[in-house]
Amino acid sequence: MSLIKQIISGDRRALAQALTLVENDYQNSQNMLAEVYTHTGHAHIIGVTGIPGAGKSTLLNALVKLMRKCEDTLGLLAVDPSSQFSKGAILGDRIRMRDLLGDKGVFIRSMATRGELGGLSSSTAGAVDVLDAAGFDRVIVETVGVGQAEVDIASNAHTSIVVLCPGVGDSVQAAKSGILEIADIIVVNKSDYPKVNVTKSYLREMLDIGSAVQVGLSETQNMTCDPHLVHGTSGAGNNSWQVPIITTVATSGEGVSELFDHLLAHYDHITSTGEITVRRQNRLRAIFESRLRKQLYTKFSQMLSEDYFLRQLELMMVRETDPYTAATECMNNFEINYIGDED
Amino acid sequence: MPDNPIRILIAKPGLDGHDRGAKVIARALRDAGMEVIYTGLRQSPIMIVEAALQEDVNAIGVSILSGAHQVLVPRIIDLLNDNGLYNVPLFVGGIIPDNDVEELIQLGVAGVFGPGTSTSDIVSAVREAVS
Ligand SMILES: Nc1nc2c(ncn2[C@@H]2O[C@H](COP(=O)(O)OP(=O)(O)OP(=O)(O)O)[C@@H](O)[C@H]2O)c(=O)[nH]1
Ligand SMILES: [Mg+2]
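Sequence order for the protein chains is V and L.
Every letter in the first sequence is one number past the one before it in the numbering used here, and letter 72, counting from 1, is 72.
Every letter in the second sequence is one number past the one before it in the numbering used here, and letter 87, counting from 1, is 1087.
I should point out that these hints are in silico values taken from the structure, not numbers from a laboratory.
Bear in mind the structure is a predicted one, so any value in this text is a computation, not a measurement.
Yeah, the Cβ is synthetic: ideal placement off N, Cα and C, and Gly gets one too.
Check the hints yourself; a few may be wrong.
Restraint-style ranges between C-beta atoms, simulated for each label pair [said to hold, decoys possible]:
1) 253/V to 1129/L: 35 to 43 Å
2) 17/V to 1003/L: 12 to 20 Å
3) 1107/L to 17/V: 20 to 28 Å
4) 278/V to 1105/L: 26 to 34 Å
5) 265/V to 1127/L: 47 to 55 Å
6) 1087/L to 177/V: 39 to 47 Å
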């Protein structure tokens, strides 16, 4: 039986091995992913991101338990950063998800970012597709919302949840880093701590400013289709969804059923308004772009001789060239043909 | 296939609440370039094997201080076999009496590390078992 058939028939070990292939072998997983793709499109993809230690995993533990009461099946991907130095990683999200083990309706996989150019978003997207094809009703991706790659992953979801904690300082950081812009739902977890209301009203204000700006933009701009504007417009503004701010205590489960209700409401909203089609297309675009970036980079590296590279570096040192000119000269020598339909 | 990091599950079965040793090992393995899936305290054999299966790890390390190794280890090995994971090397760390070490090896444990074992010995043992 092929790996795909095994996955679809519910073989969890085959599923685990397929995820390894996606993670480890960009080239050899391509054919499998192509076949997997024909079986995708059924799962509700949920991104959960937020500041480190906000309680994302604990919250998912509680949320998934609730979802299981409704017989939903769940595939979870927990992404944690790799160490820049050793390339190793400690993947600890399972510590908080202990209630979910031993339930055949739940499958959890930890992934390290592995710091590769365009690699993380591409292998995470592949892993999401594998879990979708395996038949899980919802696929949830947990990432720490600190780097752009992580934010990209979250914004490839149908529904993005941003998890913060009381403490306005953290929220300011979050606003600066841009993760608020991708939020469909904001959770202020650890609301057993003080200053919950201050944080909530600050966040509400940030969101209102954001949507005021959006309204202003769409009046003047008439939504032209610049492909580079597509990223990150998933959250507030481009549809009539009001981003709710939900307070939770993940450790006790308080507020988690409200979160679940809003999650279902958001899914209803995007399916009934057709917004889900936009999001599916954004997701495909992001995967396509990230595969292109990665392969272009690989190809270019192969075409660039190391000796030449080092010689350029030496020339820079004696000021006979500079990094700006040298980069352009390399590119000028790289054969690129126009790709597109003939007019 | 390109050089991929070794993935190893570190778990702490049994009822005692000390996982400092396990955390030190996890850190050392990470610094040696491995991806360590750390599952925390009070993991039952079923939880450990289920996590190993989902994570498709190359090796498993369990830290046992409670003296319950005679019950826990055979149970873990049985479950690994039931799930088709007989190729995944299992390491045991903790205070294991000399007489029992041989028994564990007989059962199929890939290595037993007492309290004095250096982390670099553990790293090389894992690398060797996986290669
Ligand atoms: N008081 C309180 N503590 C919480 C709450 N939710 C989570 N915690 C604690 O916060 C700590 C971090 O929780 P995690 O669930 O690991 O947080 P995370 O956001 O997944 O962390 P990373 O994945 O490392 O970014 C743990 O010690 C939790 O027990 C909460 O609502 N209230
Ligand atoms: Mg976490």
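Structure-based check of all given hints:
Distance hint check: the CB atoms of residue 253/V and residue 1129/L are about 41 Å apart, consistent with the given range 35 to 43 Å. In this structure the supplied range 12 to 20 Å holds for residue 17/V paired with residue 1003/L, their Cβ-Cβ distance being about 19 Å. A hinted range of 20 to 28 Å holds for the C-beta pair residue 1107/L and residue 17/V, which are about 26 Å apart. The given range of 26 to 34 Å is broken by residue 278/V and residue 1105/L, whose C-beta atoms sit roughly 59 Å from each other.
The beta-carbon spacing between residue 265/V and residue 1127/L, approximately 50 Å, falls within the hinted interval of 47 to 55 Å. At about 43 Å, the CB distance of residue 1087/L to residue 177/V agrees with the hint of 39 to 47 Å.
Checked against the numbered hints above, the structure breaks only hint 4 and satisfies the rest.
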